[in-house]
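There are 2 protein chains.
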Amino acid sequence: MKKIYIYDTTLRDGAQSEGISFTVKDKIRISQKLDELSVDFIEGGWPGANPKDNEFFSQARKALKLKNAKLVAFGSTRRAASSANKDAILQNLLKAETGYITIFGKSWDLHVKEVFKVSPKENLEMIEDSVRFLKKHGKKVFFDAEHFFDGYNENPRYALETLEAAVSGGAEVIILCDTNGGAVTSTIFEVVEDVAAKIGVPLGIHCHNDSDMAVANSVAAIEAGCVQVQGTFNGYGERCGNANLVSILPTLKFKLRLNCLSQFAFKELTEASRYIADIANVKQQDSQAYVGKSAFSHKAGVHINAMLKNARTYEHIAPEEVGNKRRMLISELSGKSSVIMKAEEFGLKFDGKSDKAKEILEHVQDLENKGYQFELAEASLILLMKKAAKLFKKYFEMDEFRVMVEKRHAAPVVSEATVKLKIGKENVHTVSLGDGPVHAMDQALRKALIKYYPALNKMHLSDFRVRVLDEKAGTAGKVRVLIQSQDEIDSWWTVGVSENIIEASWIALRDSIEYKFMKDESGNKK
Amino acid sequence: MKKIYIYDTTLRDGAQSEGISFTVKDKIRISQKLDELSVDFIEGGWPGANPKDNEFFSQARKALKLKNAKLVAFGSTRRAASSANKDAILQNLLKAETGYITIFGKSWDLHVKEVFKVSPKENLEMIEDSVRFLKKHGKKVFFDAEHFFDGYNENPRYALETLEAAVSGGAEVIILCDTNGGAVTSTIFEVVEDVAAKIGVPLGIHCHNDSDMAVANSVAAIEAGCVQVQGTFNGYGERCGNANLVSILPTLKFKLRLNCLSQFAFKELTEASRYIADIANVKQQDSQAYVGKSAFSHKAGVHINAMLKNARTYEHIAPEEVGNKRRMLISELSGKSSVIMKAEEFGLKFDGKSDKAKEILEHVQDLENKGYQFELAEASLILLMKKAAKLFKKYFEMDEFRVMVEKRHAAPVVSEATVKLKIGKENVHTVSLGDGPVHAMDQALRKALIKYYPALNKMHLSDFRVRVLDEKAGTAGKVRVLIQSQDEIDSWWTVGVSENIIEASWIALRDSIEYKFMKDESGNKK
Chain V
0 MKKIYIYDTT LRDGAQSEGI SFTVKDKIRI SQKLDELSVD FIEGGWPGAN
50 PKDNEFFSQA RKALKLKNAK LVAFGSTRRA ASSANKDAIL QNLLKAETGY
100 ITIFGKSWDL HVKEVFKVSP KENLEMIEDS VRFLKKHGKK VFFDAEHFFD
150 GYNENPRYAL ETLEAAVSGG AEVIILCDTN GGAVTSTIFE VVEDVAAKIG
200 VPLGIHCHND SDMAVANSVA AIEAGCVQVQ GTFNGYGERC GNANLVSILP
250 TLKFKLRLNC LSQFAFKELT EASRYIADIA NVKQQDSQAY VGKSAFSHKA
300 GVHINAMLKN ARTYEHIAPE EVGNKRRMLI SELSGKSSVI MKAEEFGLKF
350 DGKSDKAKEI LEHVQDLENK GYQFELAEAS LILLMKKAAK LFKKYFEMDE
400 FRVMVEKRHA APVVSEATVK LKIGKENVHT VSLGDGPVHA MDQALRKALI
450 KYYPALNKMH LSDFRVRVLD EKAGTAGKVR VLIQSQDEID SWWTVGVSEN
500 IIEASWIALR DSIEYKFMKD ESGNKK
Chain H
0 MKKIYIYDTT LRDGAQSEGI SFTVKDKIRI SQKLDELSVD FIEGGWPGAN
50 PKDNEFFSQA RKALKLKNAK LVAFGSTRRA ASSANKDAIL QNLLKAETGY
100 ITIFGKSWDL HVKEVFKVSP KENLEMIEDS VRFLKKHGKK VFFDAEHFFD
150 GYNENPRYAL ETLEAAVSGG AEVIILCDTN GGAVTSTIFE VVEDVAAKIG
200 VPLGIHCHND SDMAVANSVA AIEAGCVQVQ GTFNGYGERC GNANLVSILP
250 TLKFKLRLNC LSQFAFKELT EASRYIADIA NVKQQDSQAY VGKSAFSHKA
300 GVHINAMLKN ARTYEHIAPE EVGNKRRMLI SELSGKSSVI MKAEEFGLKF
350 DGKSDKAKEI LEHVQDLENK GYQFELAEAS LILLMKKAAK LFKKYFEMDE
400 FRVMVEKRHA APVVSEATVK LKIGKENVHT VSLGDGPVHA MDQALRKALI
450 KYYPALNKMH LSDFRVRVLD EKAGTAGKVR VLIQSQDEID SWWTVGVSEN
500 IIEASWIALR DSIEYKFMKD ESGNKK
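Just so you know, the sequences run in chain order V and H.
The opening position of the first sequence corresponds to residue 0 in numbering that gives the first Met the number 0, with each subsequent residue numbered one higher.
The opening position of the second sequence corresponds to residue 0 in numbering that gives the first Met the number 0, with each subsequent residue numbered one higher.
Rather than coming from a laboratory, the hints here were simulated on the basis of the structure.
Here the structure is a predicted model, which is why all the values come from computation and not from measurement.
Some clues are possibly wrong.
Since the list gives no way to pick out one identical chain from another, each pair is judged satisfied if it fits inside one copy or across any two copies.
The calculated BS3-like cross-link candidates involving lysine-lysine, where the alpha carbons are at most 27 Å apart (straight line), are [claimed, not checked]:
1. K254 to K518
2. K1 to K135
3. K421 to K197
4. K282 to K292
5. K24 to K446
6. K308 to K120
7. K139 to K2
8. K385 to K1
9. K254 to K134
10. K134 to K32
11. K32 to K357
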């Protein structure tokens with residue numbers, strides 16, 4: 000089976016999405032997930048372009064242990080009227096200390112003349128010099144031929160010369176880019192076939208989605224001979240986004256029978272897509288191909304009837320191949336086995352046919368219908384299962400609180416929370432100020448609990464995310480709060496859902512503390 | 000120029016979308032809009048399948064005056080072991096009184112055997128009989144060959160026989176359907192070419208988006224010889240949706256130079272896409288190809304610099320061709336030139352070298368350092384610029400509020416907000432409950448302002464997003480709140496940043512109302 004190399008640029012091109020801004024920690028987390036999926040290359044950012052990207056490569060060197068993927072630094076060719084040896088762009092690329100570097104250069108003479116304002120010849124030198132310089136420093140170099148398809152359309156001779164310059168410099172792979180996303184599939188196929196016959200190094204493809212064809216264009220390019228495909232998770236990217244790897248991958252694997260990612264990875268694809276959407280703080284599209292919530296949902300009566308006879312009648316692949324599930328919108332029949340599997344992961348054993356397993360399944364489904372989501376918030380899911388299995392010891396009861404936020408003229412805003420807990424037989428009533436209402440609540444809770452559970456000192460809240468579920472309802476809509484907590488050993492996410500953001504936070508806070516107690520007591524450190 | 004016929008099935012296949020349910024009035028409104036755009040065929044529904052579809056055709060006969068489009072009734076071939084003359088399905092189709100009727104039949108022998116459970120021969124008779132019957136009653140008949148590509152893959156001989164049966168019966172156009180949405184573009188192209196050489200009537204294409212390739216597949220089918228393309232507005236449809244006409248149309252027109260819709264229609268495409276999204280009560284995707292809010296938005300500094308030299312460098316078509324517009328996003332990645340351009344977009348003129356421009360830039364950068372983000376929240380940015388330019392009239396002062404959220408035992412959580420405003424010379428002090436603290440605050444504000452600004456009745460909050468900026472600080476970290484507001488004309492985002500989520504919401508709420516007042520007063524309706 001022919002191997003296709005997967006090159007992910009979620010962290011660089013994906014971060015160009017309107018409304019997406021990854022922190023360094025987000026980027027580390029996404030890298031780990033991509034590595035688990037056995038993606039071949041992870042483009043981490045443009046060292047030197049901004050402090051955040053520098054910080055990422057520095058953190059990555061210290062903290063990121065990649066088992067499958069290679070980290071890649073991205074940048075451009077050297078500046079005009081400069082020399083490769085002294086060029087700041089190239090120097091910064093070396094400082095990232097990655098084994099692979101991708102640089103882009105101009106393949107469209109329009110850009111050479113109007114943007115760079117250099118001669119066509121100098122542009123060729125910039126490409127060749129830059130690749131050779133990096134290669135000389137022991138790097139493997141990928142060359143992104145920016146605007147290749149537009150350039151090839153207007154001046155094919157020159158566009159090819161830019162590729163030849165990169166080959167002369169020593170590029171490992173030449174990536175043909177449809178930077179403006181305007182190319183039609185048939186053109187992509189023809190041009191790739193043409194170039195493959197003329198250029199002696201392996202080719203890659205990098206598409207944008209401005210014509211809503213980036214996925215098909217990438218697949219066509221592979222059929223025409225490309226061996227590397229670049230894209231982003233969930234298709235994030237500037238304007239209309241980049242080619243969506245989550246759509247491309249199963250098509251390569253299950254339709255074209257090509258070798259990419261591990262078999263294991265495909266079963267994790269739905270979960271990974273949602274995980275990365277949560278980190279990006281963007282809702283996963285229900286209709287997203289393969290992994291969306293509606294991707295295998297059947298509504299029409301005639302379809303459901305046929306499905307009951309043979310699932311192939313209305314499904315192009317089996318949903319479990321990509322870790323998704325079938326949903327009949329009249330009745331929910333699926334999901335039990337995955338709940339059982341999850342329980343086993345946490346060391347809980349259920350007989351799949353028992354009433355208990357069924358009850359838990361129904362409870363999970365009920366909560367999911369209310370807007371809960373457990374892909375990221377596994378700590379809340381464990382608690383829920385332990386509670387259902389009567390394996391959960393109640394540490395405290397917390398059912399009263401009041402939060403007040405007040406602003407008077409120019410004075411700073413004041414947030415105050417009171418909480419009333421029952422701990423064992425004692426009633427504990429505390430009050431605290433905080434930097435905001437959730438922080439005040441957290442502080443009041445700690446004040447109440449710390450005497451009984453000093454381990455709370457070792458735990459702090461490290462992330463807090465809010466998503467409105469029913470967008471159309473605006474501020475009256477349901478809200479999902481995700482809270483990440485951390486102690487000296489690990490970190491965990493919990494979730495709360497309510498129409499009231501304070502109550503949703505309260506639920507997630509309660510879970511985060513209960514989980515901490517539970518894991519400390521069981522000695523289960525992970 | 001070759002003419003391509005546009006067949007819209009938003010009202011029928013689009014209504015299969017999870018979460019979409021059109022009223023009869025919605026369907027009338029959408030039909031009128033499609034007709035204005037000069038779509039050729041509008042599939043109205045399946046008469047007899049449900050009362051709503053019957054009611055639609057009845058209303059359409061009375062109220063719908065179509066200038067360009069033909070209304071089409073949709074249904075299936077007759078039932079097995081029935082005769083066309085007596086078949087209820089076909090009778091109901093006639094009752095819709097449309098000039099055109101589309102019926103679907105089975106082209107995949109798997110369906111014939113396992114779903115219909117009839118002999119292959121009887122299925123062919125069902126197709127031929129049904130088409131002939133409708134034709135005899137003066138109808139023009141389109142035949143949807145359901146699952147054609149799957150059928151052709153497994154039993155090409157039989158799949159072709161089903162088409163021949165429809166041709167014998169007198170079908171005007173044969174539509175090849177990728178019902179499960181699993182076909183790859185190269186297969187679609189080859190099969191259409193093959194069939195076109197063998198079947199003597201015009202062909203159409205009907206694709207679903209399960210592999211994220213429905214648009215490219217439809218375009219490829221047209222390149223291979225189809226003359227009718229079926230799809231839905233915004234790609235609505237079951238599972239992952241149908242082929243998106245909004246993406247297909249500009250590609251046919253501007254890339255393949257084919258004749259479809261009027262020139263006028265393309266200028267209206269962005270507005271039409273949003274209009275239909277509003278009726279469907281689904282948010283238009285910002286990243287939607289051609290018509291999305293981000294489709295021509297530029298964020299990266301290098302892109303913006305190039306765009307200022309020549310727009311073709313990063314745009315595949317001119318946004319105004321499809322009624323969309325270019326946006327330069329202000330973000331950490333951009334500089335002074337984009338701030339000045341942005342100001343000009345809003346009708347503010349600054350000399351690029353003036354102190355005022357420099358001051359605004361510094362102010363924007365300062366706020367960005369504090370966590371503000373203006374790429375989405377353009378309304379807040381306009382307010383900021385107008386205030387800096389001393390062109391902003393203060394409508395009211397709002398500097399006191401108190402929000403309280405309280406939970407007592409099992410009782411539902413209560414949220415109450417009080418606000419104190421100065422409106423002109425009056426002090427107004429109001430209180431309201433709400434579904435959560437921000438909703439309560441919104442309600443109290445409205446209570447205070449509505450007497451002075453009744454236009455507030457026309458405005459509502461339509462989205463609400465929260466992001467914690469400094470993760471390490473957890474619940475004590477800074478919070479960014481984005482609020483989307485909407486009136487009957489347009490929608491806008493505002494932003495607030497604070498360590499306190501309530502205060503951040505308060506700032507974004509204030510901006511949203513100030514922007515509404517400002518735009519109403521200036522008569523700036525877009």
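For which of the previously enumerated hints does the structure constitute a violation, in increasing order of number?
Hints 1, 2, 3, 5, 8, 9, 10, 11 contradicted; others consistent.
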